[in-house]
Amino acid sequence: MAQDSNNYWEQLERLEKLIRASELKSGVVFSFHSLILGLFADRIDYIRPIIQNDLILIVLSSVWIVAVLISVYYCFKCFKPQLDLEFDKNVFYFRDAAREFGNRHQFSKKLMSVCETEDELCDKLSQQIQAESIIIDQKFICVKRSIQGFGISIIMLIIMLGYSLF
Numbered sequence: 002m003a004q005d006s007n008n009y010w011e012q013l014e015r016l017e018k019l020i021r022a023s024e025l026k027s028g029v030v031f032s033f034h035s036l037i038l039g040l041f042a043d044r045i046d047y048i049r050p051i052i053q054n055d056l057i058l059i060v061l062s063s064v065w066i067v068a069v070l071i072s073v074y075y076c077f078k079c080f081k082p083q084l085d086l087e088f089d090k091n092v093f094y095f096r097d098a099a100r101e102f103g104n105r106h107q108f109s110k111k112l113m114s115v116c117e118t119e120d121e122l123c124d125k126l127s128q129q130i131q132a133e134s135i136i137i138d139q140k141f142i143c144v145k146r147s148i149q150g151f152g153i154s155i156i157m158l159i160i161m162l163g164y165s166l167f
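In this note's numbering, each number is its position in the sequence shown, counted from 1, plus 1.
Since the hints were made in silico from the structure, they are not lab data.
Source: prediction; values computed, not measured.
Any given hint could be a false lead.
As the list claims (entries may be wrong) - Think about it this way: if two alpha-carbon atoms lie no more than 30 angstroms apart in a straight line, the pair counts; the simulated DSSO-like pairs of lysine-lysine are: (1) K145 x K81; (2) K26 x K78; (3) K111 x K26; (4) K110 x K78; (5) K81 x K26; (6) K78 x K145; (7) K145 x K18; (8) K81 x K18; (9) K111 x K81; (10) K18 x K90; (11) K78 x K90; (12) K18 x K111; (13) K145 x K26; (14) K110 x K90.
What the hints assert, rightly or not - Taking CB as the label site, the calculated pair distances span: (15) D124 x I45: 17 to 27 angstroms; (16) I156 x E14: 32 to 42 angstroms; (17) Q131 x L38: 17 to 27 angstroms; (18) I45 x Y164: 16 to 26 angstroms; (19) F88 x I66: 33 to 43 angstroms.
No residue lacks a Cβ here, since even glycine has one placed at the ideal position from N, Cα and C.
Given only the sequences and the hints, what does the whole structure look like? Please build it.
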């Protein structure tokens, strides 16, 4: 059965949109943390005496700080996923394209060779789809953990606020 490489290209385009979406979500979470931390930094002289004299608030604020650190860690991790995978050399992998095929003329010849046959082209594109799918999976795991950490940090803030008011 003949393969249509356009289907592969469309899938790669969809995956690129998912990569951007995961990074956008991670960036939004990081921005909220920056905003909240900025508010606390501006009011540290008011907040410090309240927290210092209450063991429960010290514990709650410690949990809050840990949740923020975990969330921020996963925000950053979303932007730089770690891949320990073994793939064949592929003209569509950016690192391979930059390092594995010699100079630009050798790379050009290899790329044209891959694109000559629909089967080889589809094979290389399917490998690229798998690699990007793995990256996206890792990114969305990081986004999920970042959002969970953010949720816990917000809950801790609400508990601390409620506790300090009553």
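Hint by hint, here is what the structure shows:
Taking the CA atoms of K145 and K81, the gap is about 15 angstroms. The hint holds against a cut of 30 angstroms. Between the alpha carbons of K26 and K78 the distance comes to roughly 13 angstroms, so the proposed pair stays at or under 30 angstroms and holds. For the suggested pair K111 and K26, the alpha carbons sit about 37 angstroms apart, so the restraint of at most 30 angstroms is broken. At most 30 angstroms may separate the alpha-carbon atoms for a hinted pair to count; K110 and K78 exceed this at roughly 36 angstroms.
For the given pair, K81 sits about 14 angstroms from K26 by alpha-carbon distance, which is consistent with the 30 angstroms threshold. Only pairs whose Cα atoms come within 30 angstroms are accepted, and K78 paired with K145 is accepted, the gap being roughly 12 angstroms. Between K145 and K18 the alpha-carbon distance is near 17 angstroms, which keeps this suggested pair within the 30 angstroms criterion. Between K81 and K18, the direct Cα distance comes to roughly 17 angstroms. Compliance with the 30 angstroms bound is thereby established for this hinted pair.
Restraint check for K111 and K81: the C-alpha separation of about 29 angstroms stays at or below 30 angstroms, so the hint holds. A hinted pair counts as satisfied when its Cα atoms are at most 30 angstroms apart, and K18 with K90 qualifies at roughly 24 angstroms. Our distance criterion of 30 angstroms between C-alpha atoms is met by K78 and K90, whose separation comes to about 25 angstroms. Taking the CA atoms of K18 and K111, the gap is near 28 angstroms; set against the 30 angstroms cutoff, the hint holds.
Distance hint between K145 and K26 is fulfilled; the C-alpha atoms sit about 9 angstroms from each other, no more than 30 angstroms. At roughly 15 angstroms between alpha-carbon atoms, K110 and K90 fall within 30 angstroms of each other, so this suggested pair holds. For the hinted restraint 17 to 27 angstroms between D124 and I45, the CB-CB distance of approximately 58 angstroms leaves it violated. For the pair I156 and E14, the supplied restraint of 32 to 42 angstroms holds, since their beta-carbon distance comes to about 38 angstroms.
For the hinted restraint 17 to 27 angstroms between Q131 and L38, the CB-CB distance of approximately 38 angstroms leaves it violated. Taken as a hint, the range 16 to 26 angstroms holds for the pair I45 and Y164, whose Cβ atoms sit roughly 19 angstroms apart. Between F88 and I66 the CB atoms are about 40 angstroms apart, so this pair conforms to the stated range of 33 to 43 angstroms.
When each numbered hint is compared with the structure, violations occur for hints 3, 4, 15, 17.
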